[in-house]
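Listed below are the residues making up each chain.
Protein chains: 2
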Amino acid sequence: MLLKSSLIRAVSQTKGVITRGYKAKAKKIPEFTQDRYQVSRKSFAAVTDSDVSQFEKTIGSKYVVTDSEELLTHNVDFLKAVRGNSKVVLKPGSTEELSQIMKYCYEKNLAVCPQGGNTGLVGGSVPVFDEIVISLNRMNKIHSIDEMTGIAVADSGVILENLEKSANEHGLVVPLDLGAKASCHIGGNVSTNAGGLRVIRYGSLHGSVLGVESVLANGTVLDLMSNFKKDNTGYHLKHMFIGSEGTLGIISKLAILCPPAPRAFHVAFVGLPSFDAVLQTYLSAKRQLGEILSSCEMMDKDALAAAIQHFGLKAPIDDYPFYMLLETSGSNADHDQEKFNSFLENGMEAGHIVDGTITGDPGKMQEIWKLRELVPVALIEDGYCFKYDISLPLRQFYEIVPVMQERCGSLAHRVCGYGHLGDSNLHLNISCSEFTPEIYKRIEPYVFEYTSKLKGSVSAEHGIGFLKTKYLSYTKADNAIDMMKEVKNLMDPKGILNPYKVLPLN
Amino acid sequence: MLLKSSLIRAVSQTKGVITRGYKAKAKKIPEFTQDRYQVSRKSFAAVTDSDVSQFEKTIGSKYVVTDSEELLTHNVDFLKAVRGNSKVVLKPGSTEELSQIMKYCYEKNLAVCPQGGNTGLVGGSVPVFDEIVISLNRMNKIHSIDEMTGIAVADSGVILENLEKSANEHGLVVPLDLGAKASCHIGGNVSTNAGGLRVIRYGSLHGSVLGVESVLANGTVLDLMSNFKKDNTGYHLKHMFIGSEGTLGIISKLAILCPPAPRAFHVAFVGLPSFDAVLQTYLSAKRQLGEILSSCEMMDKDALAAAIQHFGLKAPIDDYPFYMLLETSGSNADHDQEKFNSFLENGMEAGHIVDGTITGDPGKMQEIWKLRELVPVALIEDGYCFKYDISLPLRQFYEIVPVMQERCGSLAHRVCGYGHLGDSNLHLNISCSEFTPEIYKRIEPYVFEYTSKLKGSVSAEHGIGFLKTKYLSYTKADNAIDMMKEVKNLMDPKGILNPYKVLPLN
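These protein sequences, in sequence, are chains A and B.
The numbering of the first sequence is the working numbering, which starts it at 24 and goes up by one.
The numbering of the second sequence is the working numbering, which starts it at 24 and goes up by one.
Check before you lean on any hint, since a few could be wrong.
Note that identical chains are pooled: a pair holds if it fits in a single copy or bridges any two copies.
Said to hold, decoys possible - When the alpha-carbon atoms are kept at most 30 Å apart in a straight line, the in silico DSBU-like pairs for lysine-lysine are as follows:
#1 Lys-476 <-> Lys-85
#2 Lys-393 <-> Lys-324
#3 Lys-478 <-> Lys-337
#4 Lys-478 <-> Lys-188
#5 Lys-493 <-> Lys-387
#6 Lys-387 <-> Lys-51
#7 Lys-511 <-> Lys-337
#8 Lys-126 <-> Lys-110
#9 Lys-164 <-> Lys-476
#10 Lys-65 <-> Lys-324
#11 Lys-508 <-> Lys-80
#12 Lys-131 <-> Lys-337
#13 Lys-493 <-> Lys-188
#14 Lys-387 <-> Lys-80
#15 Lys-164 <-> Lys-478
#16 Lys-65 <-> Lys-387
#17 Lys-387 <-> Lys-511
#18 Lys-126 <-> Lys-478
#19 Lys-103 <-> Lys-387
#20 Lys-80 <-> Lys-464
#21 Lys-80 <-> Lys-476
#22 Lys-511 <-> Lys-126
#23 Lys-493 <-> Lys-511
#24 Lys-324 <-> Lys-464
Bear in mind the hints are in silico, worked out from the structure with no lab data behind them.
Keep in mind the model is a prediction, meaning the values are calculated, not measured.
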């Protein structure tokens, strides 16, 4: 038992440190979104002093932020790609306060931008103009964790890592893990249907989230909570709030099913000669590691090189065109190790795996995970990074990387691919010294046209947010987009919830 | 490999035979629903000869059924609890034909009742009055099964067992298994968000179904298909069709994620002295069997007695107040057996498990599964059976059974409980010689009031259908029901899709 909990903690801490370490660095503040992307403000009311006084009465003046320095952290996103111009951030402390804020905003036609940990990558979590930011970070109570059923009930502002720690104390794990875990909120994860590293094992949040409480545009509190895995009483409305990025309601509370914590982890890092070998290794892992496979990540040599260069890491094996990080987690260390060793031996015999290292040691696993987890942030360190997370047919998963390398030529510093192979989810990253319209136009919309041609998804997990609204139609049928608009109109007739996001602007 | 496929087939066949065997038996035809439950017909048009001619032109006269004997099988449900009075059954052969039918019905204000395998238990799959039955059974093509990604694409009318067989041939399993698998359609399963025996391992259909194609009330074909595990492009509308029981659209096609087929199965049947011992055993199973636990079923002595009596089975162990059936499935038989044996030994040492048998032999596992799978049908053999499937807090899971025993007294033949313990899902069954208003009133609404008091769900997996519409409010908040009505009105403004179902009638 000691091994288990110390191990989980070790892994969690690594992941946490990565994000925190990165966020502390000063980066260039981008120009205003309205200028860079030429958007027109919709006819919402502008916040007045009288509105601010009313908010102070409702939630207390301490929680109504108008200080320009603090405002900036809420107006700019993690990637420094977008910048809003909000004049006020509200920090409600309860569902009731959140409901009162929304009721007031609805009556006054004031637009709002709900914000969790502000770790989103598509500009969904910051305002576009002067929308009021509603930060959920004070709504951070874990209400209950039931060891027997595995169900955790938490406010939406609980930081993912904190929920994970509490779950661990009950012998459980949160079925979601991602690099930003030290900052992101579970409510934000659910609002954006976050994916991350454990989807291959525990599936998507649509399967794990059992209930949500959501505050609608007009302040109505919609109670769709459930303490049960199964509840077939009428329409499954909660799914409307999972992945709609705060445009249909603001999730205030949720129930999530947490699986039993594994007792043993093992991690392997292997080098492969070709993408075909990567695919064969994935297929073998699914078959031979079956129920204990908990991560199946790939990255190319350029992706790994970025992490090594910017964070002074050392690769545990020689240079290869492709690398994979495989993780198993199970209830018996000996059994898992036997399966893992046998899988690796078979892979080496078949020539798919050329070199590799496997470990069950917490410290060493942590080192290996760093190689994968630091890639996304390392690429931002290049200067500016265009990040695409697309779903593609596995057999054509990697084709787009060399295509984009050729297309960007010397405009790009690095064009590389990594991602969640087990979910057909490629993170295509193109880094350069700074954002220029020239490289932007070289990349978009081409990258989405290419994805669309392969019937892929233009957003596997990051969402549409602000940055991808005009590309929604590359994946979704016209009548599906029409239906989305009708649902939006039904639930938020004034359009005050996170405007300019998800749905096409025109 | 031989072991794996022969084993899967053996188990599937058992389950299939049960349903087929049962359905062949003649049962008393119930009175019309409109008389027994006193419902008022809504002002839809009635089908005319001219409508029938039009349907014959659209899909061919062979597929427009007006023969009274065949109509009866579509008008009466599996439980013989409800009976509609439809004059015509349509069997479209494609999405295009289905779309044309709906377009016509929408224009003419003709109500329809979509029907899959007609194995539902809440009267959702048969008409209440003279709604046109739309049978999906000709739309039964499996379009593709991708061994590498595990994604199967199938028409909605594919019989679950057939999809399972095809998945097995590709080294995969369908993440859903239930007693009616030889008759039920995958489209019906998705429309009703069916649960069944594998939820504990593979989760709910909201997690497994990756995409649906749905024909709306006005004939619009809404393409929400996806060939990917991850697709975060806009609202996740497909979930509106999962579990809405054909009242928002008719699912015509779907994509479902199939996990790798396990290579080894083991089944244990154990006797326990108390319900507390059942709970402790469940908790230990979750912890000790972890990732290989694939079923965790419980039943009380009266439930088992029904199966033994009506089907001449023999219990493999002595009489105990409670029984559990536990199944593991994994990728290494030796590992699984070692874990399972150790778990059983620990349970016996702790005194939770008094007696038991474990096997990995396909024939013996089949015999054990029969003990559980024949319970639901055996209870119908008593004459008439009131079936409730409710979600309850695990610690109070069984309390309702003795309460109902006392309440029904000699009016009931048997009051017993069994179900999916791992999902907090109790099947409370009350059998009697025939339906009488007296026992009906003794049971309802009391059973739902009791469930509501414990904040349980009045329908864990069967759905609301026709029989439970008036009990929806026992689980769902008023404003959630209002929102459901608004969604219904948005997607089916004339209310022609499966009327009198899911939403409260008044």
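Hint check:
no. : hint                : verdict
1   : Lys-476 <-> Lys-85  : neither (52 Å within a copy, 40 Å between copies)
2   : Lys-393 <-> Lys-324 : within (15 Å within a copy, 54 Å between copies)
3   : Lys-478 <-> Lys-337 : neither (38 Å within a copy, 54 Å between copies)
4   : Lys-478 <-> Lys-188 : between (39 Å within a copy, 28 Å between copies)
5   : Lys-493 <-> Lys-387 : neither (44 Å within a copy, 59 Å between copies)
6   : Lys-387 <-> Lys-51  : neither (35 Å within a copy, 69 Å between copies)
7   : Lys-511 <-> Lys-337 : neither (49 Å within a copy, 58 Å between copies)
8   : Lys-126 <-> Lys-110 : within (19 Å within a copy, 50 Å between copies)
9   : Lys-164 <-> Lys-476 : between (45 Å within a copy, 25 Å between copies)
10  : Lys-65 <-> Lys-324  : neither (45 Å within a copy, 66 Å between copies)
11  : Lys-508 <-> Lys-80  : neither (35 Å within a copy, 36 Å between copies)
12  : Lys-131 <-> Lys-337 : neither (57 Å within a copy, 71 Å between copies)
13  : Lys-493 <-> Lys-188 : neither (39 Å within a copy, 42 Å between copies)
14  : Lys-387 <-> Lys-80  : neither (53 Å within a copy, 70 Å between copies)
15  : Lys-164 <-> Lys-478 : between (41 Å within a copy, 21 Å between copies)
16  : Lys-65 <-> Lys-387  : neither (53 Å within a copy, 69 Å between copies)
17  : Lys-387 <-> Lys-511 : neither (48 Å within a copy, 54 Å between copies)
18  : Lys-126 <-> Lys-478 : between (41 Å within a copy, 28 Å between copies)
19  : Lys-103 <-> Lys-387 : neither (33 Å within a copy, 63 Å between copies)
20  : Lys-80 <-> Lys-464  : neither (48 Å within a copy, 52 Å between copies)
21  : Lys-80 <-> Lys-476  : neither (54 Å within a copy, 37 Å between copies)
22  : Lys-511 <-> Lys-126 : both (17 Å within a copy, 25 Å between copies)
23  : Lys-493 <-> Lys-511 : both (17 Å within a copy, 29 Å between copies)
24  : Lys-324 <-> Lys-464 : within (26 Å within a copy, 71 Å between copies)
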